[in-house]
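*Asks:* Now for the letters of each chain:
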Amino acid sequence: MKRYSNAILCLAVAALAFTARPLSAGGANPVKAKASAIQVEMIRSDEIKLSAEFQISLYENLIRQLEKQGGFEHVYRDGDRRAANAPDLVVLHSTVRGFKEGSERARRVTTVAGATSITIHCEFKSTDGKVLREKDVNGKVWFFGSNLRATYDFAKKTARVAHDNFNSSEHKS
Amino acid sequence: MKRTKFLSSFAMALAFAALASCGANAQQSSNPANKAIALTGLPGVKDDAKGTLTVENGKLHFTHSKKTSELTAADIEDVVTGEDTQASVGKTISTLSMAAPYGSGRFLALFRTKFDTLTLRYRDENGALHGVIFALPTGGAEPIKKQLLTQGAHTSVGEERAAASANSSSKEQKQ
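Protein chains in written order, with our numbering: chain U, 37 to 209; chain S, 6 to 180.
There could be a bad hint or two in this list.
[What the hints assert, rightly or not] Just a few of them, taken from the derived set where beta-carbon distance is under 8 angstroms, the chain U residues facing chain S: (1) 78; (2) 88; (3) 92; (4) 117.
[Said to hold, decoys possible] What follows is a list of derived Cβ distance ranges for each label pair: (5) U:162 / S:131: 20 to 26 angstroms; (6) U:118 / S:106: 56 to 62 angstroms; (7) S:132 / U:104: 21 to 27 angstroms; (8) U:117 / S:77: 39 to 45 angstroms; (9) U:164 / S:55: 43 to 49 angstroms; (10) S:82 / U:82: 16 to 22 angstroms; (11) U:70 / S:88: 44 to 50 angstroms.
To be clear, the hints were calculated from the coordinates, so they are not data collected in a lab.
Every residue, glycine too, gets a C-beta built ideally from N, C-alpha and C.
Whenever a hint applies, use it, and build me the whole structure from the sequences.
*Replies:* Structure representation (structure tokens):
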């Protein structure tokens with residue numbers, strides 16, 4: 037009987053050790069790369085046809101959210117000549133990978149159907165083209181709001197990614 | 006008893022919807038051409054600001070609460086029109102209707118009105134790209150687009166169509 041309880045105890049300890057390892061790895065604060073400014077390129081949607089208003093809404097919301105919570109000293113728009121003189125510039129390239137247009141009517145009537153979803157591949161590059169960070173970011177609108185609200189969700193998440201990976205002064209946070 | 010309650014709430018929802026759609030139609034017929042809502046992107050203007058849109062002297066003017074924002078037509082790289090729909094019922098009525106029993110308030114969500122969108126891309130003096138989206142009553146976007154094009158703005162829609170037709174004609178020649 038004692039043997040069984042010892043075996044169970046050993047198994048429990050082993051299981052705890054396995055589960056604790058990834059948790060501690062995720063909890064470690066990553067080193068933020070130094071970037072005082074970011075330039076946002078226009079959202080590209082070569083493979084997936086996206087309406088003009090959706091594309092513009094993604095771009096404008098992204099700039100607004102990066103200005104609000106990105107943690108950069110300057111946020112430059114696509115083609116802004118002033119970005120050429122910015123030190124530690126990061127360039128954000130975004131490409132639409134998936135888009136499912138839902139229905140606001142269906143959302144409001146059923147609550148469970150009609151979600152709009154957009155997936156965008158974001159690449160944060162240095163000025164010499166080296167990829168510093170890349171991630172697929174998903175924007176969704178589940179219950180309330182128009183389809184364009186998915187662009188706001190995407191922008192908020194992308195700004196969060198930028199905030200978590202870059203900082204205007206190099207330090208561990 | 007339950008049935009009569011349900012029917013009465015259903016009838017109330019129907020009456021609200023009828024009133025709301027009548028109001029929306031009345032608003033549209035008063036002056037459909039110039040009324041617009043700046044949905045996003047216009048510098049110095051809050052999102053969803055209501056105003057009037059005019060094209061004069063090579064400029065697009067958006068007048069709202071005694072202020073005017075201008076865009077030079079020649080700076081506009083792309084003008085695109087589109088269509089969308091919005092709920093006929095306003096936010097207040099929509100929120101109040103959520104309290105209606107048996108989820109009958111959701112019935113109001115079926116009523117939607119169409120509107121046009123006018124999407125612009127332009128570059129400022131530093132070459133920075135900006136995007137602006139306006140919402141206009143149905144049929145209001147196309148005349149403004151035409152006016153902008155005559156006064157120096159550009160559009161990608163015509164170019165895409167031309168490229169598509171050129172491709173199809175070259176394929177036909179090869180065959």
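*Asks:* Are residue 164 (chain U) and residue 55 (chain S) spaced within 43 to 49 angstroms by their CB atoms?
*Replies:* Distance hint for residue 164 (chain U), residue 55 (chain S) holds at roughly 46 angstroms.
*Asks:* Report holds or violated for the interface hint on residue 78 (chain U), using the least CB-CB distance to chain S and a cut-off of 8 angstroms.
*Replies:* holds (6 angstroms)
*Asks:* Check the following: the C-beta atoms of residue 162 (chain U) and residue 131 (chain S) are separated by a distance inside 20 to 26 angstroms.
*Replies:* Roughly 22 angstroms apart at Cβ, these two residues keep to the hinted range, so it holds.
*Asks:* Is the gap between the beta carbons of residue 132 (chain S) and residue 104 (chain U) within 21 to 27 angstroms?
*Replies:* Holds, at about 24 angstroms.
*Asks:* 56 to 62 angstroms was suggested as the range; check whether the CB atoms of residue 118 (chain U) and residue 106 (chain S) agree with it.
*Replies:* Because 59 angstroms falls inside the window, the suggested range holds.
*Asks:* Given residue 92 (chain U) as an interface hint, is its Cβ closer than 8 angstroms to any Cβ of chain S?
*Replies:* holds (3 angstroms)
*Asks:* Restraint: residue 88 (chain U) near chain S, CB-CB cut 8 angstroms. Satisfied or not?
*Replies:* holds (4 angstroms)
*Asks:* Min Cβ distance, residue 117 (chain U) to chain S: is it shorter than 8 angstroms?
*Replies:* Check passed: Cβ of residue 117 (chain U) comes within 5 angstroms of chain S, closer than 8 angstroms.
*Asks:* Range first: 16 to 22 angstroms. Now tell me if the beta carbons of residue 82 (chain S) and residue 82 (chain U) are that far apart.
*Replies:* holds (18 angstroms)
*Asks:* Regarding residue 70 (chain U) and residue 88 (chain S), is the given constraint of 44 to 50 angstroms on their beta-carbon distance met?
*Replies:* The hint (44 to 50 angstroms, Cβ to Cβ) holds, given that residue 70 (chain U) and residue 88 (chain S) are roughly 46 angstroms apart.
*Asks:* Is the hinted range of 39 to 45 angstroms satisfied by the C-beta distance from residue 117 (chain U) to residue 77 (chain S)?
*Replies:* violated (18 angstroms)
In this structure, only the earlier hint numbered 8 is contradicted, and the remaining ones agree with it.
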